[in-house]
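**Student:** The lines below spell out each chain.
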Amino acid sequence: MSRPGAASSHVVYGVLGGGLIGYWSVAYLDGGNGIQEERWNGTLEQIFATPTRLWVILLGKITGGLLFGLLAFLPTAAIAYLGFHAVLPNLDPGRFAISLGILTFSFFCIALTLTPLFALWRWAFSMLNGFELGVYILCGFMFPVAVLAPWAQGVAALLAPTWAVRALYASTLSGGPRDFVVWWLATIGLSLAYLAGAYFLYALVERKARISGQLALA
Amino acid sequence: MKRLALEAAVFGRSTYLQYVALFQWANPQGYVAYKVLLPVTQILFFVELGVYATGPQNALYFALGNALQLTANAGIFGVIATVANERQYGTLPILLASPANRMVTFLSRAIVNVIDGIATVVVGLAIVVVLFGLNLQHANLLLLAICVVVISLTTAGLGLMFGSIGLVMRDAIIIANIVYYLLLIVCGINFPVSRLPGAVQVLSFALPLTRGVQAARDAAAGASLGQVSGLLAGELLVGLSWALAGYLLFRLLENWARRGGLQEAY
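Note that the protein sequences, when read in sequence, are chains A and B. Going letter by letter, the first sequence gives residues 1 to 218 in the numbering used here. Going letter by letter, the second sequence gives residues 1001 to 1266 in the numbering used here.
Hints were generated in silico from the structure; no laboratory data involved. Treat the numbers as computed from the prediction; the structure is a model and nothing was measured. Idealized CB from N, CA, C, for every residue including glycine. Check before you lean on any hint, since a few could be wrong.
What the hints assert, rightly or not - Stretch by stretch, here's where chain B covers chain A in the computed footprint (C-beta under 8 angstroms, at least three residues):
(1) 120-127
(2) 136-150
As the list claims (entries may be wrong) - Calculated from the model, a selection of chain A residues having no Cβ within reach of chain B, i.e. all distances over 12 angstroms:
(3) 10
(4) 87
(5) 130
(6) 132
(7) 133
(8) 154
(9) 173
(10) 208
Pulled out of the complex, with its shape left as it was, chain B reads as follows (with noise of 0.2 angstroms):
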């Protein structure tokens, strides 16, 4: 019980410093007014281009897809930079020799981010409504809401193993946004998945968002748990097992660079 609570205190006191190391270019006014501007634009950007592209009518489908993709900006980006970062700014050394769990400091790397994600997400939703009248009156608010809180966990998944790449490359925001711009390509943020050619369909389900954009799409549509409740599985587990991934990958490069004397070369 007491291993528990100190492991707790760990995860606690991990997640507080990812916040200040996070948000360190932010004050209150700068946080709110980038969470406004950046939905704003990405969402009115791809439907202006969907509209112009394919017509009016897919409106709708546009925003949505955009609107819950959002969360990729804290999920990919966020959580890159968080792991990564401990390179470019030279503390990986000390984390590399603080005895603290290992699967708890990597996980805490997370925490901020699905929760700044579901902001994020919110704040697109709230746009979608007033910018592009999305009525949720017959809407599962409620399932829509678990989707929301399981795409941020699972693109978070997802942003923890590229992390782990860019602990051992010069700059991981290079990854961030092939990866960030990859998923509104391939997970049916602005075209279905079945417009993709079939191998390209192979890496959207084996990607988050995926499933997770689909049965939010269906949730804000009126459909039940018992509906989506396939699709959500399937998007956990996709999301468990890149974060596994990448918690595997951050072990195997640790104790490669604890072997050879590379932490400062990690």
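Okay, chain A solo, but in the shape it has when bound (with noise of 0.2 angstroms):
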């Protein structure tokens, strides 16, 4: 995607999508594996009975992971630099760290809307493994949306990361649309539902837990 000639959209794609997929493994499975983890040691049940809510504990884990993979844009771009001499000579820095910044929420949004599942079914963490590439396709990191099927365009359209992930590409190419505050904006709606779902998922699950008594068997 680097070679010498290749379009610009091309070469950012090959710098900020490495990043990106990095940032979105971490920040999307970190905190379900950390449930995963306490059902696997034994601690789950004690996490359900502790008087600090779920959702509390779960920021926690979900916050570290979110830090963590941030990072993931470093050796990312450094191995575009160095190997590659990719670089973004187009990049808009305000527009590109408010797109990061927003998108960084939605991906915090998603991953605390998708947690308690892994509390509720022991088979989350694979099923939820396995789409994982599925998001790298429908949100655009790593090619436009515009190269999929209508189909698909419409599922991606649903999705938050989507909207910020394109302004993000935006804020590095000089060409194109540039409807930063309408993209910024679709994300943090998309996001607020998310989290408006998560507060009756959040409801379910410590009912279910509760009255199964089963959360390490789940």
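Quick one: dock chain against chain with the hints and give me the complex.
**Tutor:** Shown next as structure tokens:
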């Protein structure tokens, strides 16, 4: 993607795409993986029995994962620059920073929403792990969503990171659409909708866990 | 004869227990869904990426390569987890205290994953046929099946090696991730090995999949066994070498742990 003469959009996807993938992989699964570890180590019941709310406990796990995931941009940018002399000549630092911040917020909301599923189903990790690459496709991490089939673009439009990623890439290119405010608002709106769904999901998980009493076996 | 039957019983029992341990997360619906979801997403991602970067003429190359590489999901992640989890779940001292034949118990760690790897590749190939129109009318299907079995065995051989290393690491899944993606890059899955720098090509041919995937591509194009026998023999040799190295490392670490009374810190 960074060969001499490649389209500038190809180079940008090559430089940032690896970082996005690394960031998403950690942000998306780390909180859930933490819950899975609690299950295998026999401490999941204590987490549910403690007076601290489940979402507060998960908040710490997810925030740690997000901070760690951000580091994924460092080695990918370094390899792109040192190995392939790839740079981002048209970078708009302000819009890039805002887009990355909003993308982080969307990752945070998705992780917070999905993590209780790991407490409900022991197979949730493998299932969501299997879908990890699906998000790379639908959210346009390594290539534009526009290359996908129309129905897939429709699904992609419902995913909050799609819009933030679009803004992120647009902030590194000189041409093309530049509807940053619309993309940012779409990301924030969808993320808040996920959080609203998460509120009910947490209540459901806590109730089901207490009724069944089978957390470790779920 | 009686001794052989006893060893076979240990192998069978150990294999069954590996199955129970490895798929402790699964129920039948979850397993089947996972077996479809992962191949679909991996193949689609790399095909879309490859087509975006190089054009639509190479789509089938990416699709077939990734369908075959899917065996590493079981052969690398599965085998490394199966071996290294003995340490994580505190069962390693029990295993080390057992009088069972070490070679038998060691190799039994791979069997379920080899079967799982074959199943994953079959699903992957079906997806390539349905979604990307892979034409198998002129393919040597029996040879293709042999290639799938061979690459599943050899990839599990590499997994045994890194599983042994995982016995002395706290988080073996990191190794599994690195090895899995390394195979995607250097084994001719998404671009020919000849495009890599010379030193990296040496690494490619020291790893499983490189020759096996090429043999499978040839078989899908209609090659005969004679035409790919060299590739398959090389692939088997590489896989066997990694498995043997893994076994020797396993024994070395075991002796070291025994001498120092370090089973728990192993």
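**Student:** All the hints need checking, so say for each whether the structure fits it.
**Tutor:** Do the hints match the structure? See the list:
Chain B is given as covering the segment 120-127 of chain A, and this holds because 6 residues of the stretch bring a CB closer than 8 angstroms to a CB of that chain, at least three being needed. Beta-carbon proximity to chain B at under 8 angstroms applies to 7 residues in the segment 136-150 of chain A; the threshold of 3 is reached and the given coverage holds. Look at residue 10 (chain A): its CB is around 6 angstroms from the nearest CB on chain B, not clear of 12 angstroms, so calling it non-interface is violated. Look at residue 87 (chain A): its CB is around 18 angstroms from the nearest CB on chain B, clear of 12 angstroms, so calling it non-interface holds up.
The beta carbon of residue 130 (chain A) sits about 4 angstroms from the closest Cβ of chain B, which is not more than 12 angstroms, so the claim that it is off the interface is violated. Separation of residue 132 (chain A) from chain B is inadequate, the least Cβ-Cβ distance of about 7 angstroms not exceeding the 12 angstroms criterion. Consistency note on residue 133 (chain A): stated as away from chain B, yet its beta-carbon is not over 12 angstroms from all of that chain's, at 4 angstroms minimum. Annotated as non-interface, residue 154 (chain A) keeps its C-beta farther than 12 angstroms from every C-beta of chain B; the closest such distance is 16 angstroms.
Here residue 173 (chain A) stays apart from chain B, with its beta-carbon at least about 15 angstroms from theirs, past the 12 angstroms limit. For residue 208 (chain A), the requirement that its beta carbon stay farther than 12 angstroms from each beta carbon of chain B is met, with the minimum near 17 angstroms.
Hints 3, 5, 6, 7 from the list above are not met by this structure, while the remaining hints are.
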